[in-house]
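J.: Top to bottom, those sequences are chains A and B. Going by the working numbering, the first sequence opens with residue 1, and the numbers climb by one from there. Going by the working numbering, the second sequence opens with residue 1, and the numbers climb by one from there.
Derived by calculation from the structure, the hints in this document are not laboratory data. Hints should not be assumed to be uniformly reliable.
[Said to hold, decoys possible] One side only, chain B facing chain A, incomplete, derived with CB under 7 Å: (1) 24; (2) 46; (3) 207.
[Said to hold, decoys possible] Below, simulated EDC-like cross-link-like pairs (lysine to aspartate or glutamate); rule was C-alpha separation at most 20 Å, straight line: (4) A:151 to B:194; (5) A:206 to B:70; (6) A:88 to B:193; (7) B:163 to A:254; (8) B:159 to A:256; (9) B:163 to A:193; (10) B:206 to B:194; (11) B:151 to A:254; (12) A:88 to A:146; (13) B:183 to A:253; (14) A:163 to B:193; (15) A:20 to A:137; (16) A:183 to B:256; (17) A:151 to B:256; (18) B:151 to A:256; (19) A:219 to B:124; (20) A:206 to A:194; (21) A:183 to B:70; (22) B:3 to B:70; (23) B:163 to A:256; (24) A:163 to B:241; (25) B:183 to A:256; (26) A:206 to B:58; (27) A:178 to A:146; (28) A:163 to B:254.
[As the list claims (entries may be wrong)] Label-pair ranges, simulated between beta-carbon atoms: (29) A:202 to B:209: 34 to 42 Å; (30) A:91 to B:67: 48 to 56 Å; (31) B:221 to A:254: 18 to 26 Å.
The beta-carbon is built from N, C-alpha and C at its ideal position, and this holds for glycine as well.
Read off the chains here:
There are 2 protein chains.
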Amino acid sequence: MSKPLILVSNDDGITSNGIKKLVSLMAQIGDVLVVAPDSPQSGMGHAITVGDTLRLTENRLFGDQIPAYECSGTPADCVKLAKHHLLKDRKPDLVVSGINHGSNTSISVLYSGTMSAAIEAAIEGTPAIGFSLCDYDTDAEMDHVDEFILKIAREALTKGIPKGIALNVNIPAHQNQKIRGIKVCRQANARWEEEFDQRIDPHGRKYFWMIGNFVNHDKGEDNDEWAIANNYISLVPCQFDLTGHHAIRLLNDEWDI
Amino acid sequence: MSKPLILVSNDDGITSNGIKKLVSLMAQIGDVLVVAPDSPQSGMGHAITVGDTLRLTENRLFGDQIPAYECSGTPADCVKLAKHHLLKDRKPDLVVSGINHGSNTSISVLYSGTMSAAIEAAIEGTPAIGFSLCDYDTDAEMDHVDEFILKIAREALTKGIPKGIALNVNIPAHQNQKIRGIKVCRQANARWEEEFDQRIDPHGRKYFWMIGNFVNHDKGEDNDEWAIANNYISLVPCQFDLTGHHAIRLLNDEWDI
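Bound conformation, chain A alone (with noise of 0.2 Å):
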């Protein structure tokens, strides 16, 4: 029987650790394509590139078996690349993206070119998964995941992911415990309170830094946060289909208009 195809993507650059391990991972269950972009492109949130050109190069970074390329745009353009340019024939089984060096949790799924990614490949119907590591060190320890990507993966090739959502799954940080399982759970609602940091450039002109300070304001146990806190890892199957389906009565009943 023939492998299934899996692509796989990320956005911090195609070089990073992260997408190293998830690749290793994906080869042993799947054929694999890697389409990832060739810088890092944290917090691109959905950006496709529009008004510019892009570039599309293949290379050896994941030996002779493994077909990879990098590109000058953001992780949904290297999903649109994949599956529009380079994969006209066969379409993936799954779309995987990451692993992120940084949590993708609650609100962070926003700002996340790492979901993005995912959602791009959900949009046109593939199953498709994010998975992020809460731990910002690029060099941070992430053996502990193997076992539960795969088996994230696996169900995912097997039972597919329901029409319209694509998975954020995030993993505690390396610890001493080992992690207690997998939690389907619902966004946080927590978000971030910026601040901004002014300087002085040796021009004598201001700049800024802008510093974001992370707050949770969830008591729920059913949330992300909690899962991440308590050493689970959390799965939250994310929707591009935006619509508060229940403010269209309330505005129908309030306003005026």
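Model the placement of chain B on the given structure of chain A, informed by the hints.
T.: Just chain B now, with coordinates in the frame of chain A:
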């Protein structure tokens, strides 16, 4: 009684005709502050600037009475800088973004810089609306929008917008027939199917232009694409909790993790 404070941003850049129109309308009902990108940011999705510095420069583009700043970052950056640097003491009563030169109906909401400014504000609890004109001509006629934008902004100021929601408002291009009204809608089930136009640069190397073809699969009459096609203004309540709550149970039932 003091006037409400209205923050205006966009994604086409601070010199576009769309933001000029939106500022002139908002100045009729509130005190206006403009913070908008110094260059076009179309397709930027919910990108933020995390690995680079930001610039913010005051200008007089909208006259002496309306403070205005151009920002080197994305639409989401503009809202963050406005709220957490420029406006530390007084919070805006309303954030509006646009008027975008081009449609942001259906799945385009995900790629939309216009809507990312509105959603960024909504995350922090401020009523927020993105306005888009379904006409890509940067010199498009837009006097037909005035009464509707004013009506929607006034309703938002007096009645508020449901918590967790930003409004995505799309307005049909100018035509001979008068607009039939405003419809509260859901996001249409449509998507972009991409093609890549491959070319060779003067140095003999390949590059690509992305070409998007919009394909509407939605047969309903309660969605934004239907509204625009039938000369209504569409108003979609968009949420930033991406959790597909229905899928939590499906995954818990069907998956073995």
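J.: For every hint, state whether the structure bears it out.
T.: Here's how the hints hold up against the structure:
1. 24: Nearest chain A Cβ about 21 Å off; hint violated.
2. 46: This interface hint holds because 3 Å falls under the 7 Å limit.
3. 207: Residue 207 of chain B check passes; min Cβ-Cβ to chain A is 4 Å, inside 7 Å.
4. A:151 to B:194: Judged against 20 Å, a Cα distance of about 32 Å means the pair is violated.
5. A:206 to B:70: 13 Å, holds
6. A:88 to B:193: 13 Å, holds
7. B:163 to A:254: 14 Å, holds
8. B:159 to A:256: Holds: residue 159 of chain B and residue 256 of chain A sit about 10 Å apart, inside 20 Å.
9. B:163 to A:193: Judged against 20 Å, a Cα distance of about 18 Å means the pair holds.
10. B:206 to B:194: The hint holds at about 18 Å.
11. B:151 to A:254: Holds. Residue 151 of chain B to residue 254 of chain A sits at ~14 Å (cutoff 20 Å).
12. A:88 to A:146: With Cα atoms ~31 Å apart, residue 88 of chain A and residue 146 of chain A exceed 20 Å; violated.
13. B:183 to A:253: OK: residue 183 of chain B and residue 253 of chain A at ~13 Å, within 20 Å.
14. A:163 to B:193: Measuring from Cα to Cα gives roughly 18 Å; hence the hint holds.
15. A:20 to A:137: 15 Å, holds
16. A:183 to B:256: Holds, at roughly 11 Å.
17. A:151 to B:256: Holds, because 9 Å separates the two Cα atoms, which is no more than 20 Å.
18. B:151 to A:256: 9 Å, holds
19. A:219 to B:124: 18 Å, holds
20. A:206 to A:194: Satisfied, since the Cα-Cα distance of roughly 18 Å is no more than 20 Å.
21. A:183 to B:70: Status violated; Cα separation ~44 Å.
22. B:3 to B:70: Not OK: residue 3 of chain B and residue 70 of chain B at ~24 Å, beyond 20 Å, violated.
23. B:163 to A:256: 18 Å, holds
24. A:163 to B:241: Within the cut-off at roughly 18 Å; holds.
25. B:183 to A:256: Satisfied, since the Cα-Cα distance of roughly 11 Å is no more than 20 Å.
26. A:206 to B:58: 12 Å, holds
27. A:178 to A:146: 13 Å, holds
28. A:163 to B:254: This hinted pair holds, its Cα atoms lying about 14 Å apart.
29. A:202 to B:209: 34 to 42 Å: With Cβ atoms ~38 Å apart, the hint holds.
30. A:91 to B:67: 48 to 56 Å: Roughly 52 Å apart at Cβ, these two residues keep to the hinted range, so it holds.
31. B:221 to A:254: 18 to 26 Å: Holds, since residue 221 of chain B and residue 254 of chain A (Cβ atoms, about 23 Å apart) stay within the stated range.
Hint compliance for this structure: hints 1, 4, 12, 21 and 22 are not met, and every other hint is.
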